[in-house]
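Trainee: Single-letter residue listing:
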Amino acid sequence: MTGRRLGVVVCQCGGNISDYVDTEKVRSEIAKEGDVVASQVQMFACSDAAQQSVIQEIREKKLDGVVVCSCSPKLHTATFRAMAQRAGLNPYEYTQVNIREQCSWAHTHDRAAATEKALKLARAGVAKTALSVPLERMRVETLPQALVVGAGVAGLRAALALSDLGISVHLIERAAEAGGQVARWGTLFPNDKVGRELVDGLIDEVRRRENVNLYLSTELVEKTGRLGEFAVTLRTRTGDTIGLKVGAIVVATGFDPYSPKEGEFGFGLEGVITLPELKELVAEHPGRLEYHGRPVRSIAYIYCVGSRDGADTPGGHTYCSRYCCSATSHLATVVSGLDPTVHQFHLFRDVRTYGKYETLYERALRGGSVYLRYGEEARPTVTREEGGLVVRVKDRLMRSEEVEMRPDLVVLVTGMVPRENDALVRALKLPIGQDGFFHEVHVKLRPVETVVDGVYIVGAAQGPKNVAESVSSALAAVSKTGGLLLKGYVDLDPLVAKVDPTLCVWCDECTKACPYGAVAPVDYGDRRIAEVNGVLCKGEGACVPVCPKQAISVQGYSNEQIHAMIDALAAEAT
Amino acid sequence: MTDAGATGHRPRVLVFSTNAISDMGIDLAGSAHMDYSSSVEVIAVPCSGGINPTWVLHALKAGFDGVFIAADGPECALLPDCVGRTADVVTRSQALLQKNGLDTGRVKMAAICSVCAEPFVNHMKQFGKALDDLASVAAEA
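For the protein sequence lines, the chains are A and B, in the order given. Be aware that the first sequence starts at 1, since it is given in our numbering, and climbs by one per residue. Be aware that the second sequence starts at 1, since it is given in our numbering, and climbs by one per residue.
So the derived label-pair ranges between C-beta atoms look like this: (1) A/Ala-175 / B/Gln-98: 55 to 61 Å; (2) A/Leu-445 / B/Glu-140: 46 to 52 Å; (3) A/Gly-388 / B/Val-115: 48 to 54 Å; (4) A/Pro-314 / B/Gly-105: 29 to 35 Å; (5) A/Val-133 / B/Val-137: 42 to 48 Å; (6) A/Lys-62 / B/Glu-140: 55 to 61 Å; (7) B/Glu-140 / A/Pro-314: 42 to 48 Å.
In the BS3-like style, the derived pairs of lysine-lysine whose C-alpha atoms are separated by at most 27 Å in a straight line are: (8) B/Lys-108 / A/Lys-549; (9) A/Lys-74 / B/Lys-108; (10) A/Lys-429 / A/Lys-487; (11) B/Lys-61 / A/Lys-549; (12) A/Lys-74 / A/Lys-444; (13) A/Lys-512 / B/Lys-99; (14) A/Lys-498 / A/Lys-549; (15) B/Lys-125 / A/Lys-74.
These aren't lab readings, by the way, just hints derived from the structure by calculation. In this text the structure is predicted, and so the values were computed from the model without any measurement. Heads up, the beta-carbon is just placed ideally off N, CA and C, and yes, glycines get one too.
Starting from the given sequences, assemble the full structure and let the hints guide the process.
Mentor: Here it is as structure tokens:
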């Protein structure tokens, strides 16, 4: 017994739990635990009526901790923390125990065993809560200024949208001019806007804004500080450095087009070019398509070059680049618009003109494009024979019959690859995914956030995207940045690492283990100990296993709490 | 379903899962009503790279037959090198077990993603069998 006054709620989940677990037995047994002074069974613990009943009990019985045995914490932790707060209880002295997904639903065959397990899980929850301490969220002030790294279409659009929100923007671009890849392209799908004109419009607008500063030929070289007040150092091409303070950082560094290896699908032969090169060629010859002064009468496009490939090769690009099927189908419609008699052959693995871009594929077909499907195991070959290009492909839709064509141009439909950003990665400490692009926290739930609070990733820096998708992600990051900076402060989760000063002997192991620079030495009486910066700490506990003195742990997951939970689970149920 | 192995004993397994990834995979196994032994119990922590090896030792001393670390794997958003760090946790744990005269085979790690319901159930069956084999060998000795 710890002298705490704990309450336990056992949820029936309308039968989802009580059909397989004797919830009343769990309640009556848990009520015998030393620290438990209140217990109840609820049909739906998450219902308003049940929450009101628990709030009343917390107040009447002066509870200082609550355990709710119900569904997965992923569903209702926020619900019950808010309930605890409404009752005047510290929300971090509430524990949710999963007796549905990890008990009743997993052991439907054995009610007695499920009940026994539910009781043990409940006891573990009680043991953890009995050792909980009240925690307060940390409030830090935020500056209404943002840094946008990369002045391509996503970065430009993000800068303008931030400016619209009244947030001052520092927009930096490594290259000598803004616009990124899109500036080099001609007409874009789906609405035939010209890439150069699109970005020029954005750049003009950026230059008109008083609260947007554009820095060209400038890189980010250092970032210190914290969410809401980062200190960043920029370096210009001339070597000058600029120091700024910003509340948030939006990374929009884009992609590089895949550069085929010499000999890959004939790359290096005269007349074999890449998709971006064809885009430039079309933009340069708006009247009639020409290559090296000769009219182009036929084109063979080879899809998935540098995409969905290289599973056996380190650094292979196994992902789909998403934009290239739509871009190529669109380009085919542009070419046939210039000259409907140009023959166009598309050698594809799968056509992924998803969503509304399916219409581009249909338009290309109507314009006379011919699509031939090849298999991964029998790739097209490109050679130069008798002064001309020869492409051979086994068409899967014709029982792998070999088809031979002699096009004027072979266009390798190249995908997107991550940019070389080592210095930026080091400065921002951003994680990189297996595909080499920046890695978000969760692809669906937190798609533009990174593990570094206040640093967002947008556009093709995060993975292959078309222009519309890049702009959407840029605006999503703007929305997150606005939510963060406009309030003037932010409250942070207190479940971060904490050092026990009586045990710490400052061996430096925790500092070396922390990837976020959150642990630093501090004087403590006549000796040094480690101190955690709660704003920088992510609470993952990388420092925990390396501490030889057991002096550091994550709040809510202390050694004492985990040991108590283990003991409760290991003990016999009855 | 019977979970008892050759010795008639149901191996007791403590699983350390992770809040953001592997616990979801384990939840999914339950949501799909996939059957695994009720003697498998789970404690969720923020990240598998932050598991204290003393917890593993404590669990085995407290009566668990084995500890399974349901690691984040390469999907971990908190630690880009989570796989290596979790492997280091296992190495440290095994050293601790060896020092305490416990079989190092009683701790196992595998990456469990947020939709890895079936792999989790398979791991539990295989690990349960391995622990049962260990118990048989110990009984014969």
